[in-house]
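Q: Top line first, the protein sequences correspond to chains E and W. Position 471 of the first sequence, counted from 1, bears residue number 471 in this note's numbering, the numbering being contiguous throughout. Position 20 of the second sequence, counted from 1, bears residue number 20 in this note's numbering, the numbering being contiguous throughout.
The set of hints was computed from the structure by calculation and includes no laboratory data. Among the clues, some could well be false.
Unchecked claim - Once the Cα atoms are required to be at most 25 Å apart in a straight line, the calculated BS3-like pairs of lysine-lysine come out as:
no.	chain 1	residue 1	chain 2	residue 2
1	E	K88	W	K52
2	W	K207	E	K379
3	W	K230	E	K379
4	W	K6	W	K52
What the hints assert, rightly or not - Here are the in silico distance ranges between beta carbons for each label pair:
no.	chain 1	residue 1	chain 2	residue 2	range
5	E	V15	W	G339	29 to 35 Å
6	W	A329	E	E191	17 to 23 Å
7	W	E361	E	E452	34 to 40 Å
8	W	T33	E	E287	28 to 34 Å
9	E	A220	W	S96	27 to 33 Å
10	E	A236	W	L205	55 to 61 Å
11	E	A146	W	R400	26 to 32 Å
12	W	E277	E	E191	49 to 55 Å
13	E	G29	W	K207	44 to 50 Å
14	W	E361	E	E142	40 to 46 Å
As the list claims (entries may be wrong) - Here are some chain E residues pointing at chain W (derived, C-beta under 8 Å):
no.	residue
15	I51
16	R83
17	Q153
18	S157
19	Y174
20	E192
21	Q197
22	D351
23	F400
24	S401
25	T471
Bear in mind the structure is a predicted one, so any value in this text is a computation, not a measurement. Don't be surprised by glycine CBs; every beta carbon is placed ideally from N, CA and C.
Residues per chain, in single letters:
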Amino acid sequence: MSSRSIFLEAHGVTVQDLETYLATALGRGGEYADLFFELKINHSLALDEQIIKSATKAVNVGVGIRVLAGEKTGYAYSEDLQRESILKAARTAAFIASSTPSGGKIGIGAPAAHRHHLYVTAAMPADLPISEKIALLRQADEAARAYDARIRQVQASYVDETRHILLVSSDDRYIWDVQPMVRINVGCVAEENGRRQSGQQGAGGRRTLELFRETLDPRALAREAARQAILQLGAADAPAGPMEVVLGPGWPGILLHEAVGHGLEADFNRKKTSAFSGLLGQRVASELCTVVDDGTLPYRRGSLNVDDEGNPTHQTVLIEKGILQGYLQDRLSSKLMGASLTGNGRRQGYDHIPMPRMTNTFMMAGQSTPQEIIRSVKKGLYAVHFGGGQVDITSGKFVFSASEAYLIEDGKVTTPVKGASLIGDGPTVLRQVTMVGNDLQLDQGIGICSKEGQSIPVGVGLPTIKIREMTVGGTRK
Amino acid sequence: MTEALKATAQQVVDRARRMGASAADAFIREVETFSVTVRRGEVESLKEAVSKNLRLRVFVGHRTASSQTSDLSPAAVEKLVDESVQMAHLTSEDDSSGLPDKQAVARDIPELQLADPAWESLQPAERIELARRAEAAAFAVDPAITNSSGGSFEYERSRTILANTVGFLGAYEATGGYLVSIPIAESQGAMQQDYWLSITRHRTLLKSPEEVGAVAAKRVLRRLGARKVKTCQVPIVFDPLTAQTLVKHIFEAASGDAIYRKRSFLVGQNGQAVAAENVTIVDDARMIGGLGSRPFDDEGVASQATPVIEDGVLRNYLHSSYTSRKLKACPTGNGSRTGSGSISVGPTNFFLKPGRTSPEEIIASVPAGLYVVELLGFGVNTVNGDYSRGVTGLWIENGRLTYPVHEVTIAGNLRQMLRDIEMIGNDITFMGSVAAPTVKLRNMTLSGD
Chain E
1 MSSRSIFLEA
11 HGVTVQDLET
21 YLATALGRGG
31 EYADLFFELK
41 INHSLALDEQ
51 IIKSATKAVN
61 VGVGIRVLAG
71 EKTGYAYSED
81 LQRESILKAA
91 RTAAFIASST
101 PSGGKIGIGA
111 PAAHRHHLYV
121 TAAMPADLPI
131 SEKIALLRQA
141 DEAARAYDAR
151 IRQVQASYVD
161 ETRHILLVSS
171 DDRYIWDVQP
181 MVRINVGCVA
191 EENGRRQSGQ
201 QGAGGRRTLE
211 LFRETLDPRA
221 LAREAARQAI
231 LQLGAADAPA
241 GPMEVVLGPG
251 WPGILLHEAV
261 GHGLEADFNR
271 KKTSAFSGLL
281 GQRVASELCT
291 VVDDGTLPYR
301 RGSLNVDDEG
311 NPTHQTVLIE
321 KGILQGYLQD
331 RLSSKLMGAS
341 LTGNGRRQGY
351 DHIPMPRMTN
361 TFMMAGQSTP
371 QEIIRSVKKG
381 LYAVHFGGGQ
391 VDITSGKFVF
401 SASEAYLIED
411 GKVTTPVKGA
421 SLIGDGPTVL
431 RQVTMVGNDL
441 QLDQGIGICS
451 KEGQSIPVGV
461 GLPTIKIREM
471 TVGGTRK
Chain W
1 MTEALKATAQ
11 QVVDRARRMG
21 ASAADAFIRE
31 VETFSVTVRR
41 GEVESLKEAV
51 SKNLRLRVFV
61 GHRTASSQTS
71 DLSPAAVEKL
81 VDESVQMAHL
91 TSEDDSSGLP
101 DKQAVARDIP
111 ELQLADPAWE
121 SLQPAERIEL
131 ARRAEAAAFA
141 VDPAITNSSG
151 GSFEYERSRT
161 ILANTVGFLG
171 AYEATGGYLV
181 SIPIAESQGA
191 MQQDYWLSIT
201 RHRTLLKSPE
211 EVGAVAAKRV
221 LRRLGARKVK
231 TCQVPIVFDP
241 LTAQTLVKHI
251 FEAASGDAIY
261 RKRSFLVGQN
271 GQAVAAENVT
281 IVDDARMIGG
291 LGSRPFDDEG
301 VASQATPVIE
311 DGVLRNYLHS
321 SYTSRKLKAC
331 PTGNGSRTGS
341 GSISVGPTNF
351 FLKPGRTSPE
361 EIIASVPAGL
371 YVVELLGFGV
381 NTVNGDYSRG
391 VTGLWIENGR
401 LTYPVHEVTI
411 AGNLRQMLRD
421 IEMIGNDITF
431 MGSVAAPTVK
441 LRNMTLSGD
């Protein structure tokens with residue numbers, strides 16, 4: 001990384017300017033102010049009907065200014081980095097406070113060093129040639145079509161992002177980061193006798209193209225998407241009603257994201273609007289369950305050297321052997337709750353107020369083999385691939401939708417069934433976990449989490465687990 | 001202000017031409033926003049900004065690229081235009097790509113009353129007061145309302161400018177105000193949250209904060225004591241907010257993008273009966289003051305009203321200029337600018353036409369069933385119509401709403417669900433550009449205990 005942030009190198013911002021903006025933001029007596037500069041460069045390519053139909057580039061740049069006064073937040077942003085525009089935004093954000101300014105001089109010291117270096121890359125995605133990106137999509141298209149003649153449509157997309165951030169605060173945070181991200185998605189439609197089914201697979205992380213050269217072959221992603229579409233052609237109706245459920249490893253970890261992760265975000269607990277409010281120290285899961293949120297895993301989609309408030313990310317234990325241990329904090333909630341920071345203050349961009357968000361959320365591996373787990377089920381559902389999920393934080397009810405699932409009959413995986421939503425209750429579902437596999441996997445890097453209109457990249461992970469009972473939302477009684 | 005943005009848009013397309021593009025369009029949107037949330041009587045957050053955004057498409061023959069920037073400084077824009085033209089050279093020839101055909105482009109700009117200057121005189125203190133009152137009104141209804149995620153007021157004023165290389169240069173303004181109250185009620189240690197809102201382009205049509213808060217309170221109180229029910233097959237009644245999501249799925253399936261990719265259960269059904277005879281669904285971009293109204297679409301095609309399903313028969317898919325060429329259909333003015341600057345098919349005011357029955361009569365017709373007030377999750381596949389979502393609702397017994405139900409799912413297939421629409425209410429409620437009245441379906445699988 002260069003010795004100065006791009007905003008100072010190339011956008012004409014000086015340290016003196018930063019001091020002036022912070023002082024202006026505190027001009028009406030706020031307790032705290034921060035400036036969040038962001039420059040995000042995205043590229044995308046889309047292959048559809050065997051041709052490269054679109055190429056896009058997006059450049060988003062701006063600075064968000066936040067002022068805190070007790071529980072109040074004032075926020076404004078500017079997309080041009082001219083001094084007058086930023087000062088105007090600082091005065092707008094300052095408006096939230098109405099006490100006497102302390103008048104203390106803001107002095108910005110030396111920039112902080114990073115505790116983590118989680119995405120060391122030779123080049124940023126923004127600097128890579130388009131031709132190689134196109135070649136990856138063509139490989140995916142060919143592999144999907146070669147998989148089976150019933151594959152009729154293939155869509156493949158490539159997206160990358162290079163995100164520069166710089167955070168300066170009135171309490172001496174001064175740090176910047178450059179965050180790469182790449183992702184490839186493949187979607188297939190299979191057709192047979194007028195029936196049409198789809199399958200998708202994607203992968204990515206905070207890396208550049210070497211990810212697809214070395215680890216995640218786009219052809220393998222394409223074959224997986226094609227396999228799912230073909231499999232669905234022969235899927236039976238999903239069952240309806242309560243039953244034993246086995247979740248496969250990896251991406252089914254969205255169970256944790258929906259069932260417990262959101263409910264443990266500190267803002268909801270500070271305001272006592274979460275179904276988990278007041279449960280700290282209590283049993284919320286079987287003792288087989290240890291759940292963590294870890295923003296420090298190298299190259300993962302949900303990882304960050306520093307969060308969007310300039311704090312280093314952590315590994316935070318949320319549930320240890322079934323007992324609720326902690327919440328995911330941002331600055332405001334940690335201050336008001338008297339808790340330590342966990343590095344979970346994140347935001348979609350300069351135009352949004354940060355709030356507590358997940359990074360990579362997963363359950364630690366247990367002792368059972370996946371085979372033992374399947375064998376132990378007399379009649380149940382084995383769900384290995386999911387679409388998305390959603391939770392009602394306050395009631396704790398959550399759903400996540402299986403897109404690839406099978407019946408388990410007498411300890412064997414049998415008929416594939418159509419997609420179905422699974423519904424449960426966050427604070428109690430993990431108490432029903434009766435077996436945890438030794439096969440923890442993290443997802444392949446495709447997660448997007450939405451909260452209050454802000455979307456950010458996240459990761460999830462899970463070993464194979466067995467849940468005594470969940471309601472499966474199929475059609476067959 | 002608008003004139004300056006028009007000049008910028010024109011300069012962008014002119015530069016694209018000079019750099020070798022055979023055609024181009026530039027779309028600029030400037031949005032001024034104000035939002036405030038009041039929680040437990042105190043201001044929680046206050047946010048204000050003006051943002052600008054340029055989205056650009058360039059064509060080099062039948063190749064295309066698009067781009068977007070929040071940096072409208074001349075140097076940044078010129079660089080992006082030049083890069084976009086270079087990118088276009090790297091994409092594939094696609095016969096259907098291009099600007100809209102000349103005869104489809106809007107010639108007149110109808111006055112749809114999308115902007116209301118009366119909002120401007122609403123002072124920040126008054127805006128904060130609206131949010132405070134909306135929250136307070138919910139608290140006032142019942143002591144069981146013990147907490148709140150707040151009351152919020154948001155205001156937005158936008159200017160949209162579009163220029164292209166075949167001589168179109170248009171602009172329009174729009175305003176919108178939004179007031180919401182999100183109370184939490186508690187009984188026997190279990191909490192429930194619900195909301196109600198008012199959203200409108202015209203200040204005089206904004207509902208009073210007292211009404212918004214009172215309705216929100218009523219909606220959350222009726223959820224207290226929710227339980228599961230046994231798995232069964234029963235009639236399902238969707239309230240207007242949840243029925244709106246069904247209509248949204250029909251939009252997704254009827255969009256030209258889904259049709260040409262064969263990613264829709266409505267492929268190849270044009271002219272056929274796809275729904276019960278009482279079902280008429282329209283996309284109407286010209287509703288006066290409509291939340292989805294616009295005088296021209298995001299690539300300059302004249303806006304219009306398009307019947308999608310008429311008396312149960314599928315009449316039209318919805319198109320951008322690309323999908324209309326692709327599928328040899330007439331453009332419908334549904335070109336919608338994506339975040340990256342490209343065009344996809346989007347709804348304008350897309351709604352299920354109301355019937356004559358009142359929601360009370362619909363509920364009264366159900367001996368035993370579920371009245372749905374909230375849907376959870378993404379278990380809908382518009383490629384094949386499979387549908388499975390989590391629901392919260394009220395149990396209907398002998399034609400009356402009784403106890404609340406949660407942690408259950410409903411499942412079926414959209415193909416069949418459309419045919420099973422038995423009754424349609426007279427209570428259409430626009431809370432966005434897609435809307436529906438109360439809808440009763442003959443039968444679905446409810447999965448619970």
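Q: Does each hint hold? Answer for all of them.
A: Against the structure, the hints come out as follows:
1. K88/E to K52/W: Given pair K88/E, K52/W holds - Cα atoms ~16 Å apart, limit 25 Å.
2. K207/W to K379/E: violated, 53 Å
3. K230/W to K379/E: Roughly 19 Å between the alpha carbons, so the hint for K230/W and K379/E holds.
4. K6/W to K52/W: Judged against 25 Å, a Cα distance of about 13 Å means the pair holds.
5. V15/E to G339/W: 29 to 35 Å: holds, 33 Å
6. A329/W to E191/E: 17 to 23 Å: Given about 22 Å between the Cβ atoms, the range holds.
7. E361/W to E452/E: 34 to 40 Å: Holds, at about 37 Å.
8. T33/W to E287/E: 28 to 34 Å: violated, 48 Å
9. A220/E to S96/W: 27 to 33 Å: The hint (27 to 33 Å, Cβ to Cβ) holds, given that A220/E and S96/W are roughly 32 Å apart.
10. A236/E to L205/W: 55 to 61 Å: 50 Å Cβ-Cβ, so the 55 to 61 Å window is violated.
11. A146/E to R400/W: 26 to 32 Å: violated, 59 Å
12. E277/W to E191/E: 49 to 55 Å: Violated, since E277/W and E191/E (Cβ atoms, about 30 Å apart) do not stay within the stated range.
13. G29/E to K207/W: 44 to 50 Å: violated, 36 Å
14. E361/W to E142/E: 40 to 46 Å: Given a distance of about 58 Å, which is not inside 40 to 46 Å, the answer is violated.
15. I51: Check passed: Cβ of I51/E comes within 4 Å of chain W, closer than 8 Å.
16. R83: violated, 14 Å
17. Q153: Q153/E check passes; min Cβ-Cβ to chain W is 6 Å, inside 8 Å.
18. S157: Not OK, violated: S157/E not within 8 Å of chain W, min 11 Å.
19. Y174: At about 24 Å, which exceeds the 8 Å cut-off, the nearest Cβ of chain W leaves the hint on Y174/E violated.
20. E192: Given a least distance of 12 Å, the restraint on E192/E is violated.
21. Q197: holds, 6 Å
22. D351: With a minimum Cβ separation of about 7 Å from chain W (threshold 8 Å), the hint on D351/E holds.
23. F400: holds, 7 Å
24. S401: Check passed: Cβ of S401/E comes within 4 Å of chain W, closer than 8 Å.
25. T471: holds, 6 Å
When each numbered hint is compared with the structure, violations occur for hints 2, 8, 10, 11, 12, 13, 14, 16, 18, 19 and 20.
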